[in-house]
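*Asks:* Chains as they are written, first to last, in our numbering: chain A, 420 to 853; chain B, 420 to 853.
These are computed hints drawn from the structure, not numbers from a lab.
Don't take every hint at face value.
Pairs count within a copy or across copies, as identical chains cannot be separated in the list.
[Said to hold, decoys possible] Computed list of lysine to aspartate or glutamate pairs in DMTMM-like fashion (alpha-carbon distance at most 20 Å, straight line):
1. Lys690 / Glu750
2. Lys534 / Asp799
3. Lys519 / Asp799
4. Lys809 / Asp659
5. Lys578 / Glu750
Below are the chains, spelled out letter by letter.
Number of protein chains: 2
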Amino acid sequence: MNKIYNPKFEDWSEVLKRPTQTFSEVEETVKGIFKEVQQKGDQAVLKYTSLFDGINLTNFVVPQNEIDTAINEIASDLKSAISLAKSNIEKFHTSQRTTKIEVETTKGVMCWQEKRSIQRVGLYIPGGSAPLFSTVLMLAVPAKIAGCKEIVLCTPPDKKGSINPTILFAAQLCGVTKIYKIGGIQAIAAMTFGTESIEKVYKIFGPGNQFVTIAKQYASQLGVAIDMPAGPSELLVFADESAIPSFVASDLLSQAEHGKDSQVILVTTSKNVLNDVEQEIYKQLEVLPRKEIAQVAINNSKLIFVDNDENALKLINEYGPEHFIICAKNEDYFLNNIENAGSIFIGNYTPESAGDYASGTNHTLPTNGYSKSYSGVNLDSFLKAMTFQKISKEGIINIGKSIELMAEAEGLQAHKNAVTLRLNKITNKQTNKI
Amino acid sequence: MNKIYNPKFEDWSEVLKRPTQTFSEVEETVKGIFKEVQQKGDQAVLKYTSLFDGINLTNFVVPQNEIDTAINEIASDLKSAISLAKSNIEKFHTSQRTTKIEVETTKGVMCWQEKRSIQRVGLYIPGGSAPLFSTVLMLAVPAKIAGCKEIVLCTPPDKKGSINPTILFAAQLCGVTKIYKIGGIQAIAAMTFGTESIEKVYKIFGPGNQFVTIAKQYASQLGVAIDMPAGPSELLVFADESAIPSFVASDLLSQAEHGKDSQVILVTTSKNVLNDVEQEIYKQLEVLPRKEIAQVAINNSKLIFVDNDENALKLINEYGPEHFIICAKNEDYFLNNIENAGSIFIGNYTPESAGDYASGTNHTLPTNGYSKSYSGVNLDSFLKAMTFQKISKEGIINIGKSIELMAEAEGLQAHKNAVTLRLNKITNKQTNKI
């Protein structure tokens, strides 16, 4: 681990530097597969499923009987756990509903804003070593609350052509309307263009490896919205003397096990805590099944000592972590002044795992410093705000003159005429202009 | 104009097709300038300002005395008009404020969501023939309400090195913190990377030509957020026999004068209205100063007759217009069932111009079918939703078991351990594992 003591302000950007990823090679692959899926539809999807997932399928729609069988396979205590998580996620995201906002800005000028659901959304769930059924909950639950009509899920099949049963169970539980056994670039391309079997969607959500990330970015240039740009997962813990080092270490490790490129940072005002956390990390690391992965992330991790809370806060706001844990006496100071972070966990009994699974908050969060400008996935991610206005004759009389003056000053005469015609009609005057 | 009668469903995609734009050439130019601005900062910005805007500047920060002089130049009735517009925009966007949302999802598990401002935003305002000071209002007013600390504005200088006074007036009125005389790709690059004179921003807003559009898209791959992808402006009017053809024509023309690539569509259930609107368009077009531009857009426009309101609605939802005017007896049907549109204008006395300038709604809206997934600019565009959670010992006892089960099922042991350690501490048990 890299231990850094009181880094100077001019060194912050170096200390907080995230590994940059270059994607130019991947980009060409992505564009090629997109073109093929656009032209050849299902045939291209099947070809790349065979190539990348090692399975020849004739059909990638998951039939209901496969879902039913899967559901029977899952242990009942896991089902209950998933149901509790779902219920909490539902409560928290339902509370995010907003009502119609209506304002009469000037007498006779009614303006309002309503949110309506994105009709067709696509959820991407990675396959591979860890079946991320928790991400199904995080995306499908708010999609359902928002009222999205089509909730499509794509996830890659294993070499036998199967989907992990827990993913199927979660998808069914949360109201996913269609499940497809396809992954990677070809899945994103299929949801972007549509194929014979898959209807195109308007917005694509979900995590993925660098191929999926680049594919989503490319899709966003082709008329489909995406949830957010994705990078390796991150955790920053601020801990003072009130923190429990073994807990802090366990949180840092839970981040580190995600991937070799995970970002793990401890910021502390206590040298004791710094050293104790370091020791605890090595101790706990030993027994982890994913030790090999976590070890790499831990080697790149940073333990940063700073003199006081003010500098700690500045440093953290400069970094803008995806996950931010606060274990400090002075927690209100951090809470009130944190500007850039995806999700914030407070106190010794609030592990990041809670938000990853079951507390109710969403775990799809901005990485790579994007917390400076992006929200994590929330109910609004599945809605769009639309504005409405209805103006009475009195209303257009009240604001018409201003519109005419502004349109004229911008050199847009037809904009002005649209008002002038109406004003003339009201005052029954005739104009020579029109 | 293209008149289309009852198009068959299978022809809709052709009828509603937007012109596709290819950007590959522009892309190389954008990447080149970005690289140079990143490496050489102000020097590169000055070079391209000289090259593209035809003016050699030594400094592009607009000083306060230039702003003061500009403000004195503006006619007082225009100032009043701008102030009324600002006041209405302020009322409507202030009403969009949301409060903290707090839920105890399970006993002892407190989750909340708060919105905090994006600290540094950049507004791009095009120069050229029409000085779009109205866009300054539409972007700076909500940025100020949101509490953004730095509100930077970039706009290209004219050949004398000046900025249109109305833009300076609007910027000053709305609390823009810094104004720079730079435009085009070099402005977007400067706001993306920062230079000696310009601090980098976290999110870039505003319209622009295809160079600016591609530059914003490229910026969004480099860590900066953007408001939305932009395309040519669009208006779709639905009119039945209750519509006043001269009004409809004036609205279609106000869209057409924006640019040769503007999208103008009339959908109607009345052949009389279709013919009357067509005649009115030709009549009104004659006297427009921007006739040459409007004529091209009108030539490409579409007048579509459909048999009934149901088909009209389906067609409109399939298109997803940026602006949608409803002049119909049956207006509630359209209001209640419109799924995809940026901003909706209702009734004969609600011209699109009203929303462009002064009613209070925002005029920065999703084009190119993006209304299917994107909101127009609103207060939330300048905020990000952050989630918080604080779990008590009781709380972690209540949800801990579920987290352990789910983490284990996903194969993430360290996630489980973070909970196990805490549960053990509470129950005072010792575990051999850790």
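*Asks:* Determine for every hint whether it applies to the structure shown.
*Replies:* A quick look at each hint next to the structure:
Taking the closest pair of Cα atoms, Lys690 and Glu750 come within 20 Å of each other only inside a single copy of the chain (19 Å); across copies the shortest separation is 68 Å, beyond that limit. For a Cα distance limit of 20 Å, the shortest separation of Lys534 from Asp799 qualifies both inside one copy, at 8 Å, and across copies, at 12 Å. Within a single copy, Lys519 and Asp799 get their C-alpha atoms as close as 14 Å, and across copies as close as 15 Å, so both meet the 20 Å cut-off. For a Cα distance limit of 20 Å, the shortest separation of Lys809 from Asp659 across copies, 17 Å, qualifies, whereas the shortest one inside one copy, 56 Å, does not.
For the identical chains of this complex, Lys578 and Glu750 are neighbours neither inside a copy (49 Å) nor across copies (54 Å), given an alpha-carbon limit of 20 Å.
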